[in-house]
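**Student:** Chains as they are written, first to last, in our numbering: chain A, 112 to 727; chain B, 47 to 350; chain C, 2 to 351.
Certain hints may be false.
Okay, the calculated beta carbon distance ranges per label pair [stated by the list, open to error]:
# : chain 1 : residue 1 : chain 2 : residue 2 : range
1 : C       : Asp-116   : B       : Ile-139   : 50 to 56 Å
2 : A       : Leu-545   : C       : Leu-110   : 47 to 53 Å
3 : B       : Val-181   : C       : Gly-63    : 38 to 44 Å
4 : A       : Leu-636   : C       : Gly-63    : 58 to 64 Å
5 : B       : Phe-204   : A       : Thr-387   : 42 to 48 Å
6 : A       : Val-467   : C       : Val-19    : 56 to 62 Å
Examples of chain B residues toward chain C, derived with CB under 10 Å [to be verified]:
#  : residue
7  : Ala-165
8  : Ser-168
9  : Glu-171
10 : Phe-173
11 : Leu-174
12 : Ala-183
13 : Ile-292
Simulated from the structure, these hints should not be mistaken for laboratory data.
Using N, Cα and C, we set each Cβ at its ideal position, and we do this for glycine too.
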Amino acid sequence: MALYPSDIFAPQLQLLLAASVILSGCGSERQRPSTGVVAPIPVDALVVDFPSGEFDSNIVETLAGDLATVNPLVNETLAGSAVIGRILEGLITLDPNTGEVIPNLAKSWEISADNLQYTFHLRRGIHWSDGQPFTADDVLFTWDCFFAKQLDVDSGEPVLDENGRVKYRYSSRSTFGQLINGQEPLVEKLDDYTVRFTTPEVYAPFLLFGGGEEILPKHILQMSFDDGTLMDQWSVETAINEPWKIVGLNMFVLESYRPGERIVFAKNPNYWKVNTKGQRLPYVARVITKIVQDQNSSNVAFAQGLTDFESIGPDNVAWVKRGEERFDYTVLDMGPSSQTNFIWFNLNPGQNAEGVAYVEPYKFKWFSDQRFRQAISHGINREGIVRGVYFNRADILHGYVSPKRKLWYNDAIRKYPYSPETSLQLFAEMGFTLEAGQLKDPLGNSIEFSLMTNSSSGLRVEMATVFKENMAALGIDVELQFLDFNTIINKTSDSFDYEACMLGLGGGAPDPYAGKDILMSGGRLHQWYPQQVEPATEWEARIDALMREIGRHTDVEVRKKYFFEVQEILAEQQPLIFLVSPKDFVGYRNRWQNVDPTPLGGVTWNQESLWAEPNP
Amino acid sequence: MLVFILMSLAPGDFLTPVKAQRDVPVELIQAIEIEFGLDRPWYVQYWKWLGNVAQGNLGHSWAYKLPVVDLIGQRLLATLLLSVSAFVFAWSIAIPLGVLAAVYKDSIFDRIASALAYAALSIPEFFLALLFVFVAAQTGWFPLGGATSIEYDYLNWFGKVGDRAYHLILPTLALGIGSIASIMRIMRANFLDTMRAEYVTTARAKGLSEFAVIFKHTLRNAINPLVSSFGFAFSGLLSGALMVEIVLQYPGIGQLMYQSILREDQFVVLASVMMGCSMLVLGNLLADILLAWSDPRIRLEKKK
Amino acid sequence: MIIFSIFREVLRRPLGAVSAGVLVALYAAAVLADFFAPYATNEQDLERTYHPPTALIFQDGGLQVQAYELVDPTEAKYEKVVGQGYPIHFFGKGFEYRFLGLFKTQRHLFTIQNDAGRVYLLGSDSTGRDVFSRLLFGSRVSLFIGLLGITITTTLGFLVGGLSGYFGGRIDFIAMRLVEFMMAMPGLYLLLALRSALAPHFASDQMFFVIILILSLIGWAGTARVLRGMTLSLRQNQYVMAAESMGQSPVVILRKHILPNLVSYLLVAATLSIPGYILGEAALSFLGLGIQEPSASWGLMLSQAQDVKVFYLNFWWLLTPGFAIFITVIAYNVLGDVLRDVVDPKMKTR
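Just chain A, same shape as in the assembly (with noise of 0.2 Å):
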């Protein structure tokens, strides 16, 4: 008999064998304890002003993309924003029609006249999904999470970093995203239900950023803030086997997980809107999520009718629209959505830890000029992509923002037509010539680059390809490379091994002041040349001017005429050069009533009303 190199590997196969099958057939959550309790309805609960319906029925969708954490302060995806935006809520949230703020958990507030202090008066008598009650206490302590200091061991005083500033004991997006201006604002309990923050300047959007933080339980993770185990909370583990430590106040709670395949929701029994008769809300019992690989397996499965509500992608809708008879279902046009694609180069002029430029210098003169770039967004076909790539299910995006938030869209910018002469006329201005078909710099170089996109993207791939097309009418050589998306995270924000790269954005609250981790210099998110100590150029120190005022001035008409002049030096500049916006489409089954699909609310901003026949 032969000798089969993996004898050696017998006994411990058979123990993993044995382990796995073993494992495997453990898929039973541990045993729950009894259920919290349910408490009475509170006296500000909110009535929704739907018609009423009947309890009990199901929701299924599907969910692209797996959970890595259910810990608000640690998460970094959109998958986990999704489930975690189910169990909680901020004091909080967006009028699905005008997207103004309105009421959530807090009932009303009161901003001083200097602009400085926001009372907010909580609704009484609301309690967490385990029948605690939800008071200031519980708002004072989400903001102790986010500006927690570290703390010399001896001295009792707060450890500072290298540059002088104080470190935090648990820094997470919201730490950073509620500083203003490096300084954190106040938060005072004026009594169980009245909370002030104070700004430490004026600071217009803070009713939006701030109010709208998704408050955690005191009484839950009280102990681990204290011991320093808040950020290892609320860990999939935790999802897995004891989901009823994840504690909230929005409509749902977290009853199972099982990774890479499912998650299940079940209402939260203590949820604070009821309907015109007084009934507890929401009407649906469980919410069943499936988990799938990406949107078109959700588009597949809800064309099927397997789902209750998906949002659709352009080029899907043709095909998805079909079944409309027989899978009974509505898919409707939202109009423009959120979403950008856009490309940009490598603006960093730093050396990696072996001294080596992170953009060759050559390469680095062209990227830098203005003219190169806006030579490249000249050449780009962008009709052709909304027609070709996305079935004229697209709109061409000429800057920053979106069409679709009107009332901040500079339509005076400057804008870039396919125009191949126009490109390479400011070639010809930059010195560049063309030889035998390939562009060339006046030293000699073949004006070639890398282009990086995710590979996960179809519709991006084939932007890509397109792209690559347009470049080389011009001359240009692009070399694609298609990686993952982790990959492509970690070279634009870490290694900064790259070129150029096409990537997006979606979502995003309305308000300018939103993107100020993309615009301002020294923002995590500033693509091009992210986090800066100081603004590397003119028009980037510019636009940090820019935004700072933006924060500072409540008066609409005096942030809007800042942000037109943001958008103007973005459009000149092209740091960032914007393709195209696909549109919004969503779609729902027929069963369900109440339905009110808004273009800034989705089709599920009213979820508690939602109801439909109880599933058989």
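Please build the complex by placing chains B and C on the supplied structure of chain A, with the hints as guidance.
**Tutor:** Frame of chain A, contents of chains B and C only:
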């Protein structure tokens, strides 16, 4: 071990993607570095990995934030299920077909079967899977992928089995068809060979019924060479399963490995390749056992 | 030489002739791809994405291509414009290329002069590129990878198999264990692992060669084993023994006596393993791990066809590369079988 060498070839410290994920506490990273000896040369790493494997610790998956063992368990079963069902499917059709083709040699049936076999052998597996997805999408008769439906957990036991079976139809077909072809041809050839062998003529002369002749004697001997290629057939199945899993989005080990490679989730890749190889070895082992059992000659030799 | 007589025999059999003919046609098309293709690999046309194959009509006394108009851009629906067509020019002018790498020319087998229309024999893909042209250019990758690959495999296989069969003993033992180990690994798993480990070290242009390298590294084991068996049996031949006793060096013996006899088997083995390469490259490119966009390769073209909307909106022409692979593989398999019958009647499948 080969696998490990390959992994080491991958540039850079493979914890880099982990460090990029901010929620993994620094202490954990350091602990893992020590545990897996990443600060030591590669042969030390390999030794430590082996040691860990022996204790059932296959490391952590970075994409899923779970110990690899948990992740692999479910997937392994899924792939096994698929391979076994394809195997059963293929063999149960191929053997009778092969026998029939041999018995009715040179008839229309034989010619058509051979031609079909040829065709089936030449189709790339993933293309076949792709065609099936096409058919499924157009007709809506079959699920487009996955192993279970959304409502899986709410079905009773019977429903669950049925659901899994329903989802297995297309992948099994895609995998099995190729196997059918090759097995059938070999079966037919072997059968013809043995039919002409002496002991068959002897048996006929002894007056045994045609039926008995075919089944008792010829079949047993014809199968032997086939069984010995069992191992390689299994290997082929596993490779084929990988492509089918990916196209039909069936969550097995093949698909896991593919996704992990894309995400540079090192531990998972290592583990899945190892699993794949192990399953193969198992297959070969089984084959040898079967061979020994079915062929008395070998047993006799051993006794001597 | 033996090879010629073998080929003559093959061509005498109908199956052999047909399969050989098919392959010759395929390779000719690959080499002369520029001539046969009306469009370059990367010529996009964003106005005509997912265009169905253009019908051919007889009009105005000549062969013409039907004109279409885009009726519904949201669904990529095109409809025939009745009565309108574009004349086809045979040996007309198209994009410039080097014929057989020798001289520049602009002549193609067929083109249409009119820029307002397109001749899409097999439709267009997601960015409006002609599928037929890409199929032709893609065939270069798929067809030649096989040829290049087997040279490596057979060389390796011969070296290892032949040497171990000839020398026996410890070399044989080690070599055979190695071979078994290689054969024990599930091919595709190894393929992926190798590819992911080796890829970062090479630029994407060199990917072509990397793939060949990987595929041959996996494939040589089987050939080695077979060749070893052959060598073993050949070794017992009288004239080999005579040569040995005469004191001829092993290298000479290998070259003069064993190799010529192995040639025929080598030929068979090679022909039958080419499909493995073609399928391997297709699989890799399909997974996005082989030839990358925007080059053309059959596997890569098929990966585009994996998009859900292709199925639902019935863009069936995107699946044609699969059939191309199928035909090539079948042709090789049939040819290989016929070759085997010719070379060794004992191994014949009756």
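**Student:** Hint validation: Ile-292(B) versus chain C, beta carbon distance must be below 10 Å. Holds or violated?
**Tutor:** 7 Å, holds
**Student:** Within 56 to 62 Å or not, the Cβ separation of Val-467(A) and Val-19(C)?
**Tutor:** 59 Å, holds
**Student:** How about Phe-173(B): closest beta carbon in chain C under 10 Å, or not?
**Tutor:** 4 Å, holds
**Student:** Return the status of the interface hint for Ala-183(B): holds when the least beta-carbon distance to chain C is below 10 Å, violated otherwise.
**Tutor:** This interface hint holds because 4 Å falls under the 10 Å limit.
**Student:** Given the hint of 47 to 53 Å, check if Leu-545(A) and Leu-110(C) actually sit that far apart at their C-beta atoms.
**Tutor:** 31 Å, violated
**Student:** Mind checking the CB of Ala-165(B) against every CB in chain C and telling me if the closest is under 10 Å?
**Tutor:** 7 Å, holds
**Student:** Quick check on Glu-171(B) please, does its C-beta sit within 10 Å of some C-beta on chain C?
**Tutor:** Holds, because the Cβ-Cβ distance from Glu-171(B) to chain C comes to roughly 8 Å (cut-off 10 Å).
**Student:** Does Ser-168(B) hold up as a contact with chain C if the rule is Cβ-Cβ below 10 Å?
**Tutor:** Since chain C brings a Cβ to about 4 Å from Ser-168(B), closer than 10 Å, the hint holds.
**Student:** Answer holds if the nearest beta-carbon of chain C is closer than 10 Å to that of Leu-174(B); otherwise answer violated.
**Tutor:** This interface hint holds because 9 Å falls under the 10 Å limit.
**Student:** Are Phe-204(B) and Thr-387(A) spaced within 42 to 48 Å by their CB atoms?
**Tutor:** 44 Å, holds
**Student:** For Leu-636(A) and Gly-63(C), compare the CB-CB distance with the range 58 to 64 Å and indicate the outcome.
**Tutor:** Given a distance of about 60 Å, which is inside 58 to 64 Å, the answer is holds.
**Student:** Given the hint of 38 to 44 Å, is the C-beta distance from Val-181(B) to Gly-63(C) inside that range or not?
**Tutor:** 39 Å, holds
In summary, the one numbered hint that this structure violates is 2.
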